[in-house]
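Since chain A is already given, all that's left is putting chain X with the ligand on it; use the hints.
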Amino acid sequence: MKPADRVDAVPPSGIRRFFELAAEMDDVISLGVGEPDFAAPWAARDAAITSLERGRTSYTMNRGRSDLRAAIAERMADRYDLEYDPETELLVTAGASEGIDLAFRALVDPGDTVAVVQPSYVSYVPGVLFAGGEVLPVPTREEEAFKLTSERLAEAGAGDADVLVFCYPNNPTGATMTGDELQEVAAFAREHDLTVLSDEIYAALSYEHEHTSIATLPGMRERTVVFNGFSKAYAMTGLRLGYALAPPEAITAMNRIHQYMMLSAPTTAQHAGLEALSSCDGAVAEMRDQYDRRRNLVLSRFEEMGLDCFRASGAFYAFPSCPWDDAGEFAEALLEETGVAVVPGTAFGDAGEGHLRVSYATGIDDLTEALDRVERFLA
Amino acid sequence: MSSRDAVLGVLRENARASSEDIARQTDSDPETVEAIIDELEAAGVVRGYQAVIDRDQLESQPVRATVELNVTLDRETGYDDIAERIARFPQVKSLYLVSGDFDFMMEVEDESMQEVSAFISDKVAPVPEITQTVTHYVMDSYKEQGIEMGDGDEDDRLSVSP
Ligand SMILES: Cc1ncc(COP(=O)(O)O)c(C=O)c1O
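Line by line, the protein sequences are chains A and X. Residue numbers for the first sequence follow the numbering used here, so the first one is 1 and each next one is one higher. Residue numbers for the second sequence follow the numbering used here, so the first one is 1 and each next one is one higher.
The hints are simulated quantities; they were obtained by calculation from the structure and are not laboratory data. Among the hints, a few may not be true.
[Stated by the list, open to error] Stretch-level coverage of chain A by chain X, calculated; a stretch enters the list once three of its residues show a Cβ under 8 Å from a Cβ in chain X: (1) 14 to 24; (2) 94 to 103; (3) 112 to 126; (4) 286 to 296.
Ideal placement from N, C-alpha and C gives every residue a C-beta, glycine not left out.
Pulled out of the complex, with its shape left as it was, chain A reads as follows (with noise of 0.2 Å):
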């Protein structure tokens, strides 16, 4: 059977070559991992198995639960000062994955142009590209902590763009931005009218300052789609369940598709997300905690052994500058040798070239024995 054109013209992953040389080895620490290391939380876990005790494994409403629904809007008025109308701006999915594809497919017309803020999750480019738009990256770079300006906009040419996906804190590179910091990026999508699309799924994964949303910026709550989910910070990636905030037109738009072709986010999940959002702000604030401990180690670490790496203040990634030319070869050599595992930056596109990303989601007894093996290689 021939695969679509549009289909055939995306590459696989650049993920997907490091998993299978990882795969085919023993005694392996992977710090190539994009998910959490702990489990969910218990008491959302239990709310997921009394649910399935009680019977609850049919459709839900499109959109999602209404309790769910109410205790979204409830705390993203809490936390980020974000109001949403929960029964016509909110939208439950199958992970932020959905609700980023949604965005792409319910937004983005045939030709539209769509800036990517690069090094950038895997995910965005072939999004736009299914959805038949036109992606137009946008570099940021190392010296200004991989934070996005004005200047690296207009730069790529993006005032033309139509649409503007980001991501903070981020993946690959773990950086960051204030509020002060999002405010010249604010002006340039209303100067351009540019939509906005905000990937803020690490939300609750920020160390050095509070996590602040576009959307809560003078004019930028009706231009943008926000995206959060529990998978991150609840550690409950397998449960894939995410949510997009977003004005009315939007959400329904995205909808449309949405209960067409998912019906609803999964039952059991919504049942957990719930529990999770009720009662596990503390197994967040320690899983946090955890994650900036070995930020901190990390970054230490790599100070000490001469890898240079700008200070990463989210998410679970440290992006360090990759000693050799080909950050490939390096991260094959490394795999190869010692048994760690690392991804390459320019998985995450062009920008991350000459990089490499280092994730921290895995224990301190493994993380430091990982390190000692990097130490040594590079000695």
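Relative to the frame of chain A, chain X with the ligand by itself:
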């Protein structure tokens, strides 16, 4: 988080972490960490460091019991007086004043059931203010000081993921 709380956070998880490692994890330096630990010890915030042991794997397994104690107080004797008296026995591993149907909850440990029983009947029950004791022998342990005693779960995440 204050650096004192940060150091305590690491110690509560792994009391054997080196000052260098604690410094790295808390974005500090080893000298500062050592000073903080000295201070915590001197002030009696940190009272000791103990290993968490899976007793099933020990050759000789001491017997443990949780004992409920009921007391009556009088003008001269308060909870603290009674507690101090009981806590001095080396068999007593922990002692808490609790709310609810009884007053103290005490954890005791000795070499055999007989010795635990003898300790309760000879040393604890005769204390004049103690009106009742209820002894629960520990039969199995699933979690000690926050650490689960099971085999733990495998990390079944994909080794490399986006
Ligand atoms: C930046 C970013 N966005 C979205 C996702 C997908 O999240 P979800 O599990 O909610 O689909 C990930 C997962 O790695 C991510 O890193």
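Results of checking the hints against the structure:
| no. | hint | result |
| --- | --- | --- |
| 1 | 14 to 24 | holds (count 5) |
| 2 | 94 to 103 | violated (count 0) |
| 3 | 112 to 126 | holds (count 3) |
| 4 | 286 to 296 | holds (count 4) |
Violated hint for the displayed structure: number 2, the only one.
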